[in-house]
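Enquirer: As a plain string of letters, each chain reads:
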Amino acid sequence: MTHESGINRETVPKVGRNFRIQWEPAQDAYVLLYPEGMVKLNQSAGEILKRCDGAANVGDIVADLESTFNAQGLEGDVIRFIELAVQQKWVE
Amino acid sequence: MTDPAEASVAQNAAAKIGPPLWLLAELTYRCPLHCVYCFNPVDFAKHEDELTTEQWFRVLREARELGSVQCGFSGGEPMLRDDLELIVGEAHRLGYYTNLLTSGIGLNEKRIDALKEAGLDHIQLSFQDSTREMNDFLSSTRTFDLKRRVADLIKSRGYPMVMNCTIHRHNIDHIEAILQLASDIDAEYVELANTQYYGWAQVNRDQLLPSREQLERAERITNEWRATHGNKMKLFFVVPDYYEKRPKKCMNGWGNIFLTIAPDGKALPCHTARMLPGLEFPSVQASSIREIWYESEGFNRYRGTGWMKEPCASCPEKEIDLGGCRCQAYMVANDPAAADPVCDKSPLHGRITDVVALAQQPGNPAQSKPLIYRGPKESLKLDRPF
Ligand code: SF4
Ligand code: SF4
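Protein chains in written order, with my numbering: chain A, 127 to 218; chain B, 394 to 779.
In isolation and in its complexed conformation, chain A is listed as follows:
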């Protein structure tokens, strides 16, 4: 599956250089931290982003999520989210 953004199963996404993702018990959520800012991530965003480690490709991430959450057909959602994350520079 190819998208206009060029993100496909082979793409290896990595959390952006100026961002850090971390689990925050007080907020019961993953948060994305950057200079003087913070985004609280919803569950699926958090689960996708924490897998963007610069080693796994999109295919690996989808497979991992599908097996962890016992779900299927997540590829479209994952690619759409990564596209958005690239626009926001959360992912490079």
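Simulated from the structure, these hints should not be mistaken for lab results.
Careful, some of the hints might be misleading.
[Claimed, not checked] Just some of the chain A residues that point at chain B, by a computed CB distance under 10 Å:
hint, residue
1, Arg146
2, Ala152
3, Gln153
4, Val212
5, Lys215
6, Glu218
Values in this document were obtained by computation on a predicted structure and should not be read as measured data.
Note that beta-carbon positions come from the ideal geometry of N, C-alpha and C, so glycine has one too.
For this one, chain A is given, so just place chain B with the ligands on it according to the hints.
Expert: Chain B with the ligands alone, transformed into the frame defined by chain A:
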């Protein structure tokens, strides 16, 4: 033993108040610069005490336990603390995202390497203007060339950089050159923050407030830059609230997410709140961060909307702005529980529009008063909270 019913009531009350997600550690009020818009209290020279390294460690630990995660180190000039690297290191170990807000003075190769080693995440560098002459005039120092070198140093160590420039009547017409400077030094984020009138900026307000024409021009140029230069640099342009009809939701709500610890350990909902009369703010020297955040009168007084008077109490917009800024209400309306006079529903809104009207008359006597530079001597001489 505590009654379980009572304990659960207390817990519920605490549960409604969110954690202090942002911690601002003002490490010192000392500063080698003398900015005319400095946001420190006008009477800062009376509060010389500073927390020790160990006391800062405890503040960091206790706030982190409550959920603080963004941590800013500011001042004054935080580089004046010899233990800055230790404090940043501890914050990093505890899991904070660490931001250093500096004028750049004192940031040399040795210290930037030590800070990197300690785990510092980001540096915000402030400039006073785009040229050596204006920068040095506005800060009353010779620091422009040094700041340029510091900017290179910051980039050479791979830091993301926010360039901050406080905007006012005397530099707003240089906005293009300021943007060019930001681009030359390769800043990722640029804050063109119009002066907000607290602290020393309030002392110099008539001389600093720009005219409407100046503001509109600056905003237009910023928008054009955004349109033509892509999003390599993220630009923030903050309008002075004197030109608005509704106040800002100050600090995103009193005691809502921000916790400031002043150099001497006073805990404040905002770094200017120490001026408010009739309110005792707790000190970290005597109380835990948990007691301060959830239980102190200082933090509870203006939380939510229960404290409001008219016109805020019955206003349909009260949840949107929470009545604006308590310090501005005190400074302009002489009552910290009044509506922020920036709001045009405030009966005292005329006090704001009078000042704005004055700013449209170039060369009027109020504007030509000499600027008062921030400094310990002036602080003691003025001897007033704002
Ligand atoms: S505003 Fe200027 S004088 Fe005030 S603390 Fe910052 S650098 Fe120092
Ligand atoms: S009256 Fe008070 S609550 Fe209503 S908009 Fe004005 S400041 Fe906000």
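Enquirer: For each hint given before, does the structure comply? Return the numbers of the non-compliant ones in rising order.
Expert: 4, 6
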